[in-house]
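Trainee: Single-letter residue listing:
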Amino acid sequence: MSRRTSSVILTALLASTALAACTSNEPAGNAGDQGKLSVTSDAKTCELSAKEAPSGNLVFNVTNKGSQVTEFYLLGEDGLRIVGEVENIAPGLSRDLVLKAAPGKYFTACKPGMVGKGIRSAFTVTDSGNDTELTGDDKALAQTAGSQYGSYVKDQTEQLLTKTQSFVSLYKAGKDDQARALYADARRHWERIEPVAESFGDLDPKMDLREADLEPGQTWTGWHRIEKDLWPPKTGYTALTPAQRATVADQLLTDTRTLSSRTRTTTHTPDKMANGSKELMDEVATGKVTGEEEIWSHTDLWDFQANVDGARVAFEDLRPILKKKDKALDTSIATKFTALQKLLDQHKKGDGFVLYNELTPAQVKELSSGVNALSEPLSKLTAAVTL
Amino acid sequence: MTDEQQENPRAGVSRRRLLGITGTGAAVGAATFAGGLGLGRATADDSVPQGGSRTYPFYGGHQSGVVTPAQDRLHFAAFDVTATTREDLITLLQAWTLAAAEMTQGRPAQADETSYDAPPADTGEADGLPASGLTLTFGFGPSLFRDAQGKDRFGIAARQPKELARLPHFPADKLDPSRSDGDLCVQACADDPQVAVHAIRNLSRIAFGSAEIRWAQLGFGRTSSTSTSQATPRNLFGFKDGTANLKAENAGDLDQHVWVARGDDPRAEWMTGGSYLVARRINMHLETWDRTSLREQEAIVGRDRPQGAPLSGGTEFTEPDFAAKGRGNEPLISATSHVQLAHPTRNGGAKMLRRGYNFTDGNDALGRLDAGLFFLAYVRRPSTQYIPMQNRLAQHDGMMEYLQHTGSALFAVPPGARAGGYVGEVLFT
Numbered sequence: 001m002s003r004r005t006s007s008v009i010l011t012a013l014l015a016s017t018a019l020a021a022c023t024s025n026e027p028a029g030n031a032g033d034q035g036k037l038s039v040t041s042d043a044k045t046c047e048l049s050a051k052e053a054p055s056g057n058l059v060f061n062v063t064n065k066g067s068q069v070t071e072f073y074l075l076g077e078d079g080l081r082i083v084g085e086v087e088n089i090a091p092g093l094s095r096d097l098v099l100k101a102a103p104g105k106y107f108t109a110c111k112p113g114m115v116g117k118g119i120r121s122a123f124t125v126t127d128s129g130n131d132t133e134l135t136g137d138d139k140a141l142a143q144t145a146g147s148q149y150g151s152y153v154k155d156q157t158e159q160l161l162t163k164t165q166s167f168v169s170l171y172k173a174g175k176d177d178q179a180r181a182l183y184a185d186a187r188r189h190w191e192r193i194e195p196v197a198e199s200f201g202d203l204d205p206k207m208d209l210r211e212a213d214l215e216p217g218q219t220w221t222g223w224h225r226i227e228k229d230l231w232p233p234k235t236g237y238t239a240l241t242p243a244q245r246a247t248v249a250d251q252l253l254t255d256t257r258t259l260s261s262r263t264r265t266t267t268h269t270p271d272k273m274a275n276g277s278k279e280l281m282d283e284v285a286t287g288k289v290t291g292e293e294e295i296w297s298h299t300d301l302w303d304f305q306a307n308v309d310g311a312r313v314a315f316e317d318l319r320p321i322l323k324k325k326d327k328a329l330d331t332s333i334a335t336k337f338t339a340l341q342k343l344l345d346q347h348k349k350g351d352g353f354v355l356y357n358e359l360t361p362a363q364v365k366e367l368s369s370g371v372n373a374l375s376e377p378l379s380k381l382t383a384a385v386t387l
Numbered sequence: 001m002t003d004e005q006q007e008n009p010r011a012g013v014s015r016r017r018l019l020g021i022t023g024t025g026a027a028v029g030a031a032t033f034a035g036g037l038g039l040g041r042a043t044a045d046d047s048v049p050q051g052g053s054r055t056y057p058f059y060g061g062h063q064s065g066v067v068t069p070a071q072d073r074l075h076f077a078a079f080d081v082t083a084t085t086r087e088d089l090i091t092l093l094q095a096w097t098l099a100a101a102e103m104t105q106g107r108p109a110q111a112d113e114t115s116y117d118a119p120p121a122d123t124g125e126a127d128g129l130p131a132s133g134l135t136l137t138f139g140f141g142p143s144l145f146r147d148a149q150g151k152d153r154f155g156i157a158a159r160q161p162k163e164l165a166r167l168p169h170f171p172a173d174k175l176d177p178s179r180s181d182g183d184l185c186v187q188a189c190a191d192d193p194q195v196a197v198h199a200i201r202n203l204s205r206i207a208f209g210s211a212e213i214r215w216a217q218l219g220f221g222r223t224s225s226t227s228t229s230q231a232t233p234r235n236l237f238g239f240k241d242g243t244a245n246l247k248a249e250n251a252g253d254l255d256q257h258v259w260v261a262r263g264d265d266p267r268a269e270w271m272t273g274g275s276y277l278v279a280r281r282i283n284m285h286l287e288t289w290d291r292t293s294l295r296e297q298e299a300i301v302g303r304d305r306p307q308g309a310p311l312s313g314g315t316e317f318t319e320p321d322f323a324a325k326g327r328g329n330e331p332l333i334s335a336t337s338h339v340q341l342a343h344p345t346r347n348g349g350a351k352m353l354r355r356g357y358n359f360t361d362g363n364d365a366l367g368r369l370d371a372g373l374f375f376l377a378y379v380r381r382p383s384t385q386y387i388p389m390q391n392r393l394a395q396h397d398g399m400m401e402y403l404q405h406t407g408s409a410l411f412a413v414p415p416g417a418r419a420g421g422y423v424g425e426v427l428f429t
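In order, the protein sequence lines correspond to chains A and B.
Position 129, counted from 1, in the first sequence is what the working numbering calls 129; the numbers after and before it change by one each time, with no gaps.
Position 280, counted from 1, in the second sequence is what the working numbering calls 280; the numbers after and before it change by one each time, with no gaps.
Bound-form chain B, shown alone (with noise of 0.2 Å):
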């Protein structure tokens, strides 16, 4: 099974049909199948949003919400497992799979009749309302596997990735525990914020007894495009954001830098057909940098401002040219832009699949904006990928100025679920 879109294969009763609403009908590509863990060509007809209806496949080869398009708003929450034995975890597992199946189809989270004295199965907010595009896509954190002490929690400690530790501290981090690490994470993208909060909150209702929401993260806008299909959208500081994002249609560069395959690590084969999610919350200082001249913008980014071409020239999508030069011999793009550091040639060809989202939880005690971008990037191997590059950014990129990270989490995401079993099940069989 595949990312692409497709119309709801099953006999089920959608939230829309339940309430007697017509479905819009919207036009539906026709889907494509591959199997195994092979990445289907997507089509731009496919992957256009085709308005509220399109729904995305939860079991298959990779879970969904990683290369599906990046849909418009995102709910996330890291979770603290409170449960203690190995059984209640995978009963956990299991019940958010099933929902979760439910859910990314239009359904309600449990669709049982309910009793009129009983409270409702579904929390019923997204009642009436379309799937929206909504992925759920399931992470572990290092401290499922090992307490603080080092205890192996529920018998997995030996399956533990190698890849799968804590991020060290990057120069200027700023980290809030409060908003950092989890034992596990769920990401919830939709189109419709209220379709992302709800499956989230009927997640974690799901979950009390067994876990708990130890942080969560609202994202308004995507600051990154996954299919070529979509535009660039821009960031806080106003920027293109992701223009030189990986794409879903480049299925070479996916196995390469995002599917962590067979024989990556011995000890955690299980791992094969998932990828490593890394979660940074990224402060942006947005009023100095709104009293910063356009020139320092521009030459901060390496990129300009109106079309997001590199300042070597041509349109956005022209590489940028690091050898141009300009007046005085200068160089055009700086060597300390965000662009040439960042650039795979600067970091040992290395790509991300970025998936980030603009955010703002109000003001802070000073009353300036709390917002900047939620960075969700999904990469094979985080040592290689994001560790060395994000060193390497808070030691030279100019735009470290007006950024203060101050979230951060790594998490193992499982390959897809099988239908009839359940997410991470390889971990536990």
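Only chain A is shown next, with the shape it has when bound in the complex (with noise of 0.2 Å):
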């Protein structure tokens, strides 16, 4: 479970389209003083401080000096193509438009009240020689690693559902051995796709809530309600009866079909994707590493591996694009998950893994350095796939 509020962060994603270029933590990149342009933008006008820069990366520090929320854009030859974007600039405000330009011939337009054509210029960028290889077919690119990655949730979303099936008539008839042998391994699947899961804000809380993040009155259902019931603490429990087990057990197989038909109609774009991959490795470093997940069953592990998965998955649809826009991120990324599997399969014990409580701390500390090389480059995936 996250506590991550899916609304915030869906708010952010659908704000940035697909192949729109970001807007840039970072100053500058490698764009040199001409390749930095400041555009300010009002009601009547929209100012840029120059006509033209050099190709390769551009920022545009865009500033709202209207009283309307505006826009800014980069517009292909044709005034069709949208080569980079920026939006909801509130009065005020300014926001860095990051992108990589080829030589060619452009417009730039402000929006304010973003509506209309907006307030238009030509532009253009001349060669500076810096390789800038942009070409039409990124979106197809972008195409194919959303319909790859759209099936890896189909499918583990089938698993899931055919595994929570199982689990959950196991529990309900008192199989409790058989029903903690299947525990971590149907949550697996849950674990591998979690962030699409959170998109869904209303499922989450009710599938994947643990004990600690319970509100006042709050009902708890779910993995971690039976996991608990599963394996009690020694003193100051009181096991759930059939009738309650068959409760929360109907309860969460009703949500995993709710998910699972859910997950049908969802839309992966990169930065959804690239987004999901690091936010796995964030619940891992949160969560998992730290033992806090599982704190009835210890299967922190299985969670861990397959939140590595998940982000591992996205990954490998997205290197095709990034491969193109920064090949020393992808060979940076890849050699780390690769490095980061090495430490995790130490500890692997039959189908499955050793407990979390059986780790030593210096092993959990060298598993947390892991994540810790891993996530910080694959922060940056996000922005490397969309610029």
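No wet-lab data here; the hints were simulated from the structure.
Think of the CB as a built atom: it goes at the ideal place given N, C-alpha and C, for glycine as much as any other residue.
Hints are supplied without guarantee of correctness; some may be wrong.
What the hints assert, rightly or not - Taking lysine to aspartate or glutamate pairs in the DMTMM-like style, the calculated list, with each CA pair at most 20 Å apart, reads:
#, chain 1, residue 1, chain 2, residue 2
1, A, K365, B, D364
2, B, K174, A, E211
3, A, K51, A, E77
4, B, K151, B, D80
5, B, K325, A, D42
6, B, K174, A, E292
7, A, K65, B, E316
8, A, K365, B, D361
9, A, K65, B, E319
10, A, K228, B, D173
11, A, K228, A, D213
12, A, K336, B, D290
13, A, K365, B, D370
14, B, K174, A, D213
15, A, K228, A, D176
16, A, K65, B, D321
17, A, K336, A, E376
18, A, K51, A, D96
19, A, K380, B, D290
20, A, K36, A, E52
21, B, K174, A, E215
22, A, K65, A, E47
What the hints assert, rightly or not - Here are a few chain B residues that face chain A, going by a calculated C-beta distance under 8 Å:
#, residue
23, P168
24, P171
25, H285
26, R291
27, A309
28, S312
29, T315
30, L332
31, L366
32, G367
33, N391
34, Q395
Both chains are given apart, each in its own frame, so use the hints to dock them into the complex.
Mentor: In structure tokens, the structure reads:
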């Protein structure tokens, strides 16, 4: 369970279109001073500090001096193709548009009030000799990545549903040993696609809430409710009655069905996939590597592996785009995935893993370091694949 | 007496003069005085830090260190009382009062001449340092009134304020008992960390045999401004924090939201002119935050990072417009953003006077910074001002993904001591 409030994230994701350039965390990149431009937008004007710039990384610092929310676009020569855009710049604020531009003719446009064709001017990118391989087939690559990832999500939700069905019937029938044996295995499929599940803000708390995250008066349902009943604390715990078991179990199955059907219509854009990949590793860093996720069953390493699996699949699907945009980052992330997997493999036992509470502090630290080493470059993936 | 800075009016020996150091003679604006519990109108002149020699009065209608312009550094300590009699507890409070009155004026905790064969009365590490705006603020925890079995410890249980109860469990709390609660608290704020630490150290020394430190927290950077003359500082997430804080200049707000008024609680009239202090140690997952895109960081906070302006536009102090829409008719400020959830309009008008500090206490076993925000807030009624809001934030705030509350305490901060009296005297008479 993540405590991430999905609506914030969702809003943030909706705001960025798949192949639009993104606002950057970092200034300039390799843009020289010539690559840095300022844009002033108000009701009547859209003033740029220069009419041309050398090809390569460009940074448009857009300041809204008007009284309406504005947007800024860099458009292709045809005035239609969007090379990059930055939206939702409220009055008084400024925001950077960072993008890579090839030599050619363009249009810039400010769109105060977010309506109409905007205030346009011609803009030229001169040839700096920098490699700026920008092609129209980025879109095709993005679609391929999205559909591959969509298939993965579909497969995982199907397996999740099948195993959840078996799990809840074992649990309801009081076959606790068998239910315990299936618990971590079934949850793997959830953990692999957790960011997708979390995008449905109503389901995540019902299905994956931890006891520590309960609100006063809130009914505790989902995986971890059953986990505690199957691995009860030695003292101070009252086991669920068969009727209570049935209620919790049926609810989990219903919610899993809902999740499964909803994911069929989810679209997967590169920015969502890249963010999801990073979020899975954040999950590992805050929940799994600390043993907080599965405090009763101690099966955190199963979740850990599943999060890494999910993050890696999203990354692999995005690699054709990333390799074009940032080869060094691609190599760095791939290397670190491999290194982390090696660390995890040390703790494999049979089909699964050793329990979290069997790890020594030094082993936990080693895993944590592996997660950090991977997460840092992985956090740059979204910007890289959307640039 | 008010909280304005003033030239030390009493003929005392300052630590600096004691050492024969010429004071810097900081320019000090004309102090204003207001009678009773009224708050003097601080002006920009007299609240701007003027160098280390500024002092705040210890005695007065309200304790200093609440609306005093937030100093740069903090040393906060919660104490367990080991004394078992009412007399011993009062003796401790009297001794603390005398020492606090000295130290806040830049003098040694105890000025007695010391025999060459005795340990020095003052611990000495602040010798030569100016007062540095030191304030010492004292509070009483619920456990001072009744022990865990409900027993009246010092004959004051009948006067326990109804607002003074342990804070409830909030969603996602992961509280460490050794960083929570306490019978007494002392908040030491100063612009020089050595001065704040010196104060807690000497008060702790004075307390041996009557009280001992249960937990303590150092804070290295203020995360809120309590005066309009102060610039808004940044927390460890890199964002300005406390833009909408209550300010000392708005006396009406303070009377409404900070100071306990006569009649608020018939069995605890002694709290009139006092306040309640909520202390929460909030760890921040800085490593994952730092991997989060600026887009998401700003969406979570609801303000832009460069200037702290709401995402609906304007500048730092522009009121957020939660109705403003952007692309796709989505609100510019998310409904689950921190700024919206914490906003008075979403909390029945409730406001707090925040006085928090950034902290970092080394690192954890995984090599992560053990760092965050030591949240301090003064409120008139925790039950309506803090508790419902924290419940709402813990449930809906996107920022919770990056936070973990690890310590918690609530204290009743009595009104200021009168000259010749002692802090909390009103509770015992």
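Trainee: Is the interface hint satisfied for L366 of chain B? The criterion is a beta-carbon contact with chain A at less than 8 Å.
Mentor: Nearest chain A Cβ about 4 Å off; hint holds.
Trainee: Taking the least C-beta to C-beta distance, is S312 of chain B closer than 8 Å to chain A?
Mentor: OK, holds: S312 of chain B within 8 Å of chain A, min 5 Å.
Trainee: Quick one, is the T315 of chain B hint okay against chain A at 8 Å, beta carbons?
Mentor: Interface hint status for T315 of chain B: holds (6 Å vs cutoff 8 Å).
Trainee: Can the restraint linking K65 of chain A and E316 of chain B be considered satisfied, given a maximum Cα separation of 20 Å?
Mentor: holds (15 Å)
Trainee: Are the Cα atoms of K365 of chain A and D370 of chain B separated by 20 Å or less?
Mentor: holds (15 Å)
Trainee: K336 of chain A and E376 of chain A were given as a pair; does the straight-line alpha-carbon distance stay at or below 20 Å?
Mentor: holds (10 Å)
Trainee: Against chain A, with CB atoms and a cut of 8 Å, does the hint on L332 of chain B hold up?
Mentor: holds (6 Å)
Trainee: Is it true that the CA of K65 of chain A sits at most 20 Å from the CA of E47 of chain A?
Mentor: holds (11 Å)
Trainee: Please work out if K151 of chain B and D80 of chain B have their alpha carbons no farther apart than 20 Å.
Mentor: holds (16 Å)
Trainee: Does the structure keep K174 of chain B and E211 of chain A at a Cα separation of 20 Å or less?
Mentor: Holds, because 11 Å separates the two Cα atoms, which is no more than 20 Å.
Trainee: Are K65 of chain A and E319 of chain B close enough, with their CA atoms no more than 20 Å apart?
Mentor: holds (18 Å)
Trainee: How about A309 of chain B: closest beta carbon in chain A under 8 Å, or not?
Mentor: holds (6 Å)
The structure meets every hint from the earlier list without exception.
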